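*Asks:* Spelled out from the first residue to the last, the chains are:
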Amino acid sequence: MRVFIFPADSLRAAIAACLICLGSVTLAEDWTPLNKDGIHDPRSPAIKQLQEPAAALSKLIPDTAGNMVRWVQALEKGEINPRASIRPDTKIRVYDSDVLLNLKGGMPIVRFPHRQHTLWLDCVNCHDHLFKAETGATKFSMLKILEGEQCGVCHGAVSFPLTECFRCHSVARPGQAPKPSLPIAIPAGAVPPK
Amino acid sequence: MFRKYLWQRLLLAVIGLAIGSTVQIDEARAEYGDIVINNYSDAAGMRPAIFPHWFHRVRFRCKVCHADLGFKFKAGGNEINMVKIIDGQYCGACHNGELAWSVENCNLCHSAKPGTSTQVHESTVQKLAPATLQKK
Numbered sequence: 008m009r010v011f012i013f014p015a016d017s018l019r020a021a022i023a024a025c026l027i028c029l030g031s032v033t034l035a036e037d038w039t040p041l042n043k044d045g046i047h048d049p050r051s052p053a054i055k056q057l058q059e060p061a062a063a064l065s066k067l068i069p070d071t072a073g074n075m076v077r078w079v080q081a082l083e084k085g086e087i088n089p090r091a092s093i094r095p096d097t098k099i100r101v102y103d104s105d106v107l108l109n110l111k112g113g114m115p116i117v118r119f120p121h122r123q124h125t126l127w128l129d130c131v132n133c134h135d136h137l138f139k140a141e142t143g144a145t146k147f148s149m150l151k152i153l154e155g156e157q158c159g160v161c162h163g164a165v166s167f168p169l170t171e172c173f174r175c176h177s178v179a180r181p182g183q184a185p186k187p188s189l190p191i192a193i194p195a196g197a198v199p200p201k
Numbered sequence: 171m172f173r174k175y176l177w178q179r180l181l182l183a184v185i186g187l188a189i190g191s192t193v194q195i196d197e198a199r200a201e202y203g204d205i206v207i208n209n210y211s212d213a214a215g216m217r218p219a220i221f222p223h224w225f226h227r228v229r230f231r232c233k234v235c236h237a238d239l240g241f242k243f244k245a246g247g248n249e250i251n252m253v254k255i256i257d258g259q260y261c262g263a264c265h266n267g268e269l270a271w272s273v274e275n276c277n278l279c280h281s282a283k284p285g286t287s288t289q290v291h292e293s294t295v296q297k298l299a300p301a302t303l304q305k306k
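In order, the protein sequence lines correspond to chains V and F. One rule links them: number in this note's numbering = place in the first sequence (from 1) + 7. One rule links them: number in this note's numbering = place in the second sequence (from 1) + 170.
Calculated from the structure, these hints are not laboratory results. Computed from a prediction, not measured in an experiment: that's the story for all the values here. Idealized CB from N, CA, C, for every residue including glycine. Errors might be hidden in some of the hints.
[To be verified] Below, computed lysine to aspartate or glutamate pairings styled on EDC-like, alpha-carbon distance capped at 16 angstroms: (1) Lys242/F x Asp135/V; (2) Lys98/V x Asp238/F; (3) Lys283/F x Asp48/V; (4) Lys66/V x Asp48/V; (5) Lys66/V x Glu83/V.
[Said to hold, decoys possible] Listed below are several chain V residues computed to face chain F (Cβ distance under 8 angstroms; list not exhaustive): (6) Thr97; (7) Gln123; (8) Trp127; (9) Leu169; (10) Thr170.
Generate coordinates for the entire structure from the input sequences, incorporating the hints supplied.
*Replies:* Right, dumping it as structure tokens:
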């Protein structure tokens, strides 16, 4: 009877195959085609006419989460040039000012950059119904944000997802490591405690 | 020496490829944040409408629709219907045959699987929390 042994170089071969596969599949699987995205009806005549996400998004500066696109960078570098209005008399307001939030919490301080947000949005989209214009007047809550309120109106829906903690909590407190060793992303399928 | 463990190597390589491909499909897939709107579609015998944010934000900044045209940040919360669109409100501000294709192309928007509920598809909350915990 033969003894079943996996010698070391076989193991290396397996690991190499695994890595090669990871690398090759990444590109192909980043962009789910419309007929497999879970919401489009594969029998709809639209499938043959609508632009596939990969055709538009794979050309833009890549990200590691959400849409897999760095939208602000794509805009700043001119990869895309989205119109700011469709009516000639519309006022465009870009405001360049950072606000520091979460000054007393345990997580790193939040730096909210107005400029990047007003490249996309107008003041009235957030002020004053989501956030009061006066700094410190709005009480923030991660629970509300996770429920789709406050920052969560966009983040977690169309802008980078809420699992990217340190993109907002980006300013270390005195004596705090630049990036605390917290999980970067909550594992998919995780169930919150009852 | 090489031939001796050939079949073990092949077996491990196949296992490796299988593990590699399944892991990656789950980890690095783009979430589009598409909006499904099914306020009236199912009842009218149409496929629900899908609004792809990614397609529109390549061409327009968020403010064009959410500030200038008055779209609320709420999937299904705008009470859009075809009369309003044909009247030039909401989608009809662009989808009028001038800026973008017009309303005759029903199927291009109404392209979801029948019965798909109004939602932000692949939102963080949708991915992390069971459906029963999500706000309607």
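*Asks:* State for each hint whether it applies.
*Replies:* So, going through the hints one by one against the coordinates:
1. Distance hint between Lys242/F and Asp135/V is fulfilled; the C-alpha atoms sit about 14 angstroms from each other, no more than 16 angstroms.
2. For the hint linking Lys98/V to Asp238/F, the alpha-carbon distance of about 10 angstroms falls within 16 angstroms, and the restraint holds.
3. A distance of roughly 4 angstroms separates the Cα atoms of Lys283/F and Asp48/V; the hinted pair therefore holds under the 16 angstroms criterion.
4. For the given pair, Lys66/V sits about 26 angstroms from Asp48/V by alpha-carbon distance, which is inconsistent with the 16 angstroms threshold.
5. Proximity of Lys66/V to Glu83/V is assessed by CA-CA distance (about 15 angstroms); at most 16 angstroms being required, the pair is judged to hold.
6. Residue-level restraint check for Thr97/V holds (minimum Cβ-Cβ distance to chain F is 6 angstroms; threshold 8 angstroms).
7. Hint status for Gln123/V relative to chain F: violated, with the closest Cβ pair at about 12 angstroms, above 8 angstroms.
8. A hinted interface residue such as Trp127/V counts as satisfied when its beta carbon comes closer than 8 angstroms to some beta carbon of chain F; here the least separation is about 4 angstroms, so the hint holds.
9. Interface restraint check for Leu169/V: the shortest CB-CB distance to chain F comes to about 4 angstroms, inside 8 angstroms, so the restraint holds.
10. Against a cut-off of 8 angstroms between C-beta atoms, the interface hint on Thr170/V holds, since the closest Cβ of chain F lies about 6 angstroms away.
Hints 4, 7, counting from the list given before, are not met by this structure.
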